[in-house]
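Novice: Based on the hints, put chain G in the right spot on chain W.
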Amino acid sequence: MTELMPAEGVFSLIWLLIAMPLAGATVLLVGGRRTNAWGPYLGILTVSASAVLGWIMLVAMMGNSPEERTFDQTLFSWVSVGDFQADMAFQLDQLSMVFVLLITTVGGLIHIYSLGYMSHDRDRRKFFGFLNLFVGAMLILVLANNYLLLYVGWEGVGLASYLLIGFWQYKPSAAAAAKKAFVINRVGDVGLSLAIMLMFITFGSIGFQDVFGAAGEASDGTLNAIGLLLLLAAAGKSAQFPLQAWLLDAMEGPTPVSALIHAATMVTAGVYLIARSNAIFNLAEIAALTVVIVGVVTMFMGAIIGSAKDDIKKSLAGSTMSQIGYMVTAVGLGPVGYVFGIFHLLTHGVFKAGLFLGAGSVMHGMNDNVNMRRYGAIRTVMFITFITFAAGWLSIMGIPPFSGFWSKDEIIHAAFEQNTLTGILLIIGAGITGFYMTRMFIMTFLGKARWEDDVHPHESPKVMTIPLIILAIGSVFLGMALLFWGNIETWLEPVVGYESKEAPISTGVAIALGLLAVGIGVLIAYLQYQRKPIPVEAPHGSWLTRAAREELYGNQVNNALVVTPTLVAAKAATAVDAKGIDGLVNGSAAFVGALSGRLRRYQTGFARSYALSMVGGAVLVVLALILVGAS
Amino acid sequence: MSRMPLIDPVLPAFTTPSINYYAIAPILIVFGAAVVSVLVEAFVPRRGRRVTQLVLVIASIVAAFAVTLDLRGTRLVTGEGAIAVDGPTLVMWGALLLISLLAAFLMAERTIDPLGDAFAARASSLPGSEDERQFAARGYLQTEVWPFLLFALTGMLAFVAANDLLMMFVALEVMSLPLYLLAGMARRRRLLSQEAALKYFLLGAFSSAFFLYGAALIYGYSGSIGFVAISDTLTAKTAEGSLLAIGLALLMVGLLFKVAAVPFHQWTPDVYQGAPSPVTGFMAATVKIAAFGAILRLLYVAFGGMRWDWQPMLWIIAALTMLVGSIIAITQSDMKRMLAYSSIAQAGFILVGVIVATPQGLGASLFYLIAYGFTTIGMFAVIMMVRNASGEATSLAEWRGLGRKSPLVAGVFSLFLLSLAGIPLTSGFVGKFAVFAAAIDAGAVWLVIIGVVASIIAAFFYVRVVVLMHFADPTEETASVAIPSAFTTVTLTAATVMTIALGIFPQWLLDVIEQAGVFIR
Chain W
0 MTELMPAEGV FSLIWLLIAM PLAGATVLLV GGRRTNAWGP YLGILTVSAS AVLGWIMLVA
60 MMGNSPEERT FDQTLFSWVS VGDFQADMAF QLDQLSMVFV LLITTVGGLI HIYSLGYMSH
120 DRDRRKFFGF LNLFVGAMLI LVLANNYLLL YVGWEGVGLA SYLLIGFWQY KPSAAAAAKK
180 AFVINRVGDV GLSLAIMLMF ITFGSIGFQD VFGAAGEASD GTLNAIGLLL LLAAAGKSAQ
240 FPLQAWLLDA MEGPTPVSAL IHAATMVTAG VYLIARSNAI FNLAEIAALT VVIVGVVTMF
300 MGAIIGSAKD DIKKSLAGST MSQIGYMVTA VGLGPVGYVF GIFHLLTHGV FKAGLFLGAG
360 SVMHGMNDNV NMRRYGAIRT VMFITFITFA AGWLSIMGIP PFSGFWSKDE IIHAAFEQNT
420 LTGILLIIGA GITGFYMTRM FIMTFLGKAR WEDDVHPHES PKVMTIPLII LAIGSVFLGM
480 ALLFWGNIET WLEPVVGYES KEAPISTGVA IALGLLAVGI GVLIAYLQYQ RKPIPVEAPH
540 GSWLTRAARE ELYGNQVNNA LVVTPTLVAA KAATAVDAKG IDGLVNGSAA FVGALSGRLR
600 RYQTGFARSY ALSMVGGAVL VVLALILVGA S
Chain G
0 MSRMPLIDPV LPAFTTPSIN YYAIAPILIV FGAAVVSVLV EAFVPRRGRR VTQLVLVIAS
60 IVAAFAVTLD LRGTRLVTGE GAIAVDGPTL VMWGALLLIS LLAAFLMAER TIDPLGDAFA
120 ARASSLPGSE DERQFAARGY LQTEVWPFLL FALTGMLAFV AANDLLMMFV ALEVMSLPLY
180 LLAGMARRRR LLSQEAALKY FLLGAFSSAF FLYGAALIYG YSGSIGFVAI SDTLTAKTAE
240 GSLLAIGLAL LMVGLLFKVA AVPFHQWTPD VYQGAPSPVT GFMAATVKIA AFGAILRLLY
300 VAFGGMRWDW QPMLWIIAAL TMLVGSIIAI TQSDMKRMLA YSSIAQAGFI LVGVIVATPQ
360 GLGASLFYLI AYGFTTIGMF AVIMMVRNAS GEATSLAEWR GLGRKSPLVA GVFSLFLLSL
420 AGIPLTSGFV GKFAVFAAAI DAGAVWLVII GVVASIIAAF FYVRVVVLMH FADPTEETAS
480 VAIPSAFTTV TLTAATVMTI ALGIFPQWLL DVIEQAGVFI R
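Chains as they are written, first to last, in numbering that gives the first Met the number 0: chain W, 0 to 630; chain G, 0 to 520.
Think of the hints as simulated: they come from the structure by calculation, not from any bench. All of these numbers come straight from a predicted model, not from anything done at the bench. Each hint should be verified, as a subset may be incorrect.
Per the computed footprint, the stretches of chain W lying under chain G, defined by three or more beta-carbons under 8 Å from a beta-carbon of chain G, are [said to hold, decoys possible]:
| hint | segment |
| --- | --- |
| 1 | 589-600 |
| 2 | 608-614 |
| 3 | 620-627 |
Here are the computed lysine to any residue pairs in the SDA-like style, where the Cα-Cα straight-line distance is at most 20 Å [unchecked claim]:
| hint | chain 1 | residue 1 | chain 2 | residue 2 |
| --- | --- | --- | --- | --- |
| 4 | W | K461 | W | M479 |
| 5 | W | K578 | W | V561 |
| 6 | W | K178 | W | P241 |
| 7 | G | K236 | W | L626 |
| 8 | G | K236 | W | I625 |
| 9 | W | K125 | W | Y40 |
| 10 | G | K404 | G | G390 |
| 11 | G | K236 | W | G628 |
| 12 | W | K178 | W | P564 |
Yeah, the Cβ is synthetic: ideal placement off N, Cα and C, and Gly gets one too.
If we strip away everything but chain W, and leave its shape as in the complex, we get (with noise of 0.2 Å):
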């Protein structure tokens, strides 16, 4: 465990990352209309501000030793019960510096761009809001020094992500994709919390160090039921199968939102829970395991469903789950893993936001349109966005010396290390994602226009090309800065822990077979979308293609094995609740009802009456008194 240092200097502004986005959504959403002049300037203001700090504690912990990098900052003492503890208490060390700056970095630059997106709705100021208390409660998730305090952030994410899903609330799909992917998401929290209450009843607290330092003492079964309910909270929030079906659906909101949210930031918390809590993975095997799998699993449901929608925004949400995948892959091979899986999350969380803001750049041009069948050619009127997106689009297929070829690479390589099959399954998952990426670059960029009659595209406005080239360049250099510059290994490897193994094949032979499949993939694309005209109308299509089309039945059986039978209980209880106890219990009213009319009677104005009924009740009174004495 390493030293914990006390929150000195520009360190004991810890606090301060999250108070500020956190203080602009509360002027945002409770100053109201008042506040709509201004309010979004403010909103990037805060977040900007918070980047910036962020970026000075970089500097100020590089200057420290490796040892010595873990800040811990005790606010005050949030729950006291008992024995169990948990305080307003934050934790900066190596991994939640870079989680910081991914928030804090790209989230400025899509609060920078949502300017433009959002420029003609009338609710601006408020999606502003939300998106500050987003960034405010992801930064809560990541600073956390214990599970408890964790959760909020994680509950503060899911609410934020809610309230932006469903943030075009007039359209009944945004409403019911947000309400999904609360429901969904609620699943995962159970695991979450279960979990939390696991490790207090196991080590007697919710501290990070505590149960860290702990998770040696506990036996295999607690460990492993730990682990697993973490991974059911992480397969909740990072769309993981069995619970990723909310994930498509909450392409819904509007696309910076998509961006942020459903592919740079929220979507990889799941990673960071399982990375953090590497101490306890490493101990459960079962429970590691189960995490490769799920992580294979969903790398391959997305990379096939990604492949097969003709909406730019869910082919991009396929391709969000399969690349969570791979780091959920990466973080389920444990030591061998942790690092690159969290390297994974920085670079995609970069180029993806690109690749999204790009897809919201064509489809601002577009009349909001997100069908690639009716895109095509848009190389030729949207140049930057062509541009920016075609670094994306290598960078995420792992074309050296894009960044995705650096973090791909070496998950593949560390899953050959643990184990033959999965670094196989890894690149031909290398291979579909060659295969969709490259047909949506066709498909909008490249070939024919296919544009709709009333459509004019345009390159979109500055304030919305600059991050989009930012990003590009993020996308381009990043992998090469932290694998050379930054050490990214070394970097993490005090928190999340580090070791190489030998490989049944060397790196150069796993480069080259994963380079070989994205050129496989590729060249089908290309076969494919550039060679043959694209039909406006989508094809029938393979048994395949039809399954990912609604997305590997993934709804039908969420209805199928949850919703309909809770649907019938629900129906069964109101029928009990109606005729059972709604009747006993009117029927007591109406009884008390009746008794009430009848007793009323007696009230019937006259003093006489009521001198009469005195008497009466002396006479009780008396006899009462007469009797329990007597006997």
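Specialist: Chain G in isolation, oriented as in the chain W frame:
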């Protein structure tokens, strides 16, 4: 043979009763102020009368309260055993004085009603007569309520301190007579008001007669009117029992009438409805405290030795009171009548605390009374403010959708209703909890079960009003809320603060009551 002297040559010396004047200073201050107040009515010119009276009332009540505070820890019997100043007395004095002050503010309100205040321009003129019209047209405003208020308060203060039957009876009458008059002084709906006053007077006199007869029988039984002496006789069991049983029964009839326990409750709805709202609020809050204070002292000090005898009787009365009050309230369509039945039901709940005859029960009852008093005075403040063109809008239909029109006032009223319903975080919940807990500890489980059932029934009509105000749309009938002067605002604020404060931080008052201890013997 020597003749026996007709008269004992040695005359028994007349000893002046020793009285600790400072200990009863609160009573004396208010009483003195009441006398002065009468003189003010007679001699101060009309223009200056209101200010003079207000200063007199507020100053005397504040002074009496200050003395009460200073007396804390006092525990003595004075006036030849007629008056007991102990912890419970002082707690009740404090509560009575504070609530009376708040009620006085309501009576002083002159902004709400465009015609002036809540009281008749000339109480003696015949309703509907030419005489009345003339006085009303001249816009006369009277100040005769103030001496009545002070006399009634004097009676209440003496009532809770009375330690023998005679003192208790005198206090009862001093308290009641001004109230009968006050009930008949409404400016609007004067016929209703005068009818209420007459009924109240007739039935009140009737009940006083019961009390007096009971007192006579008890004197016959024990040869004394002092509570301690009665108690000693009980312990010695020297006398015949049926005199005792009937005597106690008749005393209780007189007192149960005052707290509006079933079946001595029927005057309540008529009087609550007819009396001017500030008077109803004053009466509802303070008479309950005073009469229960008297019942508690009588039963605990004088008849504590035979509690096994009177507990079953009160058990029946309490159960009846809770159930009948709650049940009839359901079908009421007038706000003031509904609150009258509510006050009947509340009396039943307090009786549950009285019955257990333990220090815990005493403390719980005191807490309940104080919480109820503050909430009630607040409710009548709101009732004064909710008006239509012809005065107070007391029909429930006129409260429909009030929450949409005046969210703050409707919200405060809802708070009071929820407190009476016993919803947690309000003073009413703590009171009910304390009373029921005391009863459970004393083994009165069945009574508590009845109490809980009655609470559920009562919750229905309380919450119904909340729903009516907040979840129904206003109609054309819906009344509007008048903007009050600072007087009513102060009362309403104080009532709100106490209702919330005693709900969230009840401990300080519970501590005060616990330190007050039990009745002195």
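Novice: Now look at each hint and say whether the structure bears it out.
Specialist: Hint by hint, here is what the structure shows:
1. Remark: the segment 589-600 of chain W is confirmed as covered by chain G, as 7 of its residues place a Cβ nearer than 8 Å to a Cβ of that chain, reaching the required three.
2. Here's how the segment 608-614 of chain W fares: 5 of its residues keep a CB closer than 8 Å to some CB of chain G, so the rule of at least three is met and the hint holds.
3. Under the rule that three or more residues need a Cβ within less than 8 Å of chain G, the assignment of the segment 620-627 of chain W holds, with 6 such residues.
4. Taking the CA atoms of W/K461 and W/M479, the gap is about 27 Å. The hint is violated against a cut of 20 Å.
5. A threshold of 20 Å between alpha carbons decides the hint, and for W/K578 with W/V561 the separation of about 25 Å lies outside it, so the pair is violated.
6. For a cut-off of 20 Å, the pair hint linking W/K178 to W/P241 stands: about 18 Å separates their Cα positions.
7. Between G/K236 and W/L626 the CA atoms are separated by roughly 18 Å; this keeps the pair inside 20 Å, and the hint holds.
8. A distance of roughly 16 Å separates the Cα atoms of G/K236 and W/I625; the hinted pair therefore holds under the 20 Å criterion.
9. As the CA atoms of W/K125 and W/Y40 are separated by approximately 12 Å, the hinted pair is consistent with the 20 Å bound.
10. Of the supplied pair hints, the one linking G/K404 and G/G390 holds, its CA atoms being roughly 18 Å apart against a limit of 20 Å.
11. Taking the CA atoms of G/K236 and W/G628, the gap is about 13 Å. The hint holds against a cut of 20 Å.
12. The hinted pair formed by W/K178 and W/P564 meets the criterion: a straight-line CA distance of about 18 Å does not exceed 20 Å.
When the structure is compared with the earlier hints, violations turn up for hints 4 and 5 and for no others.
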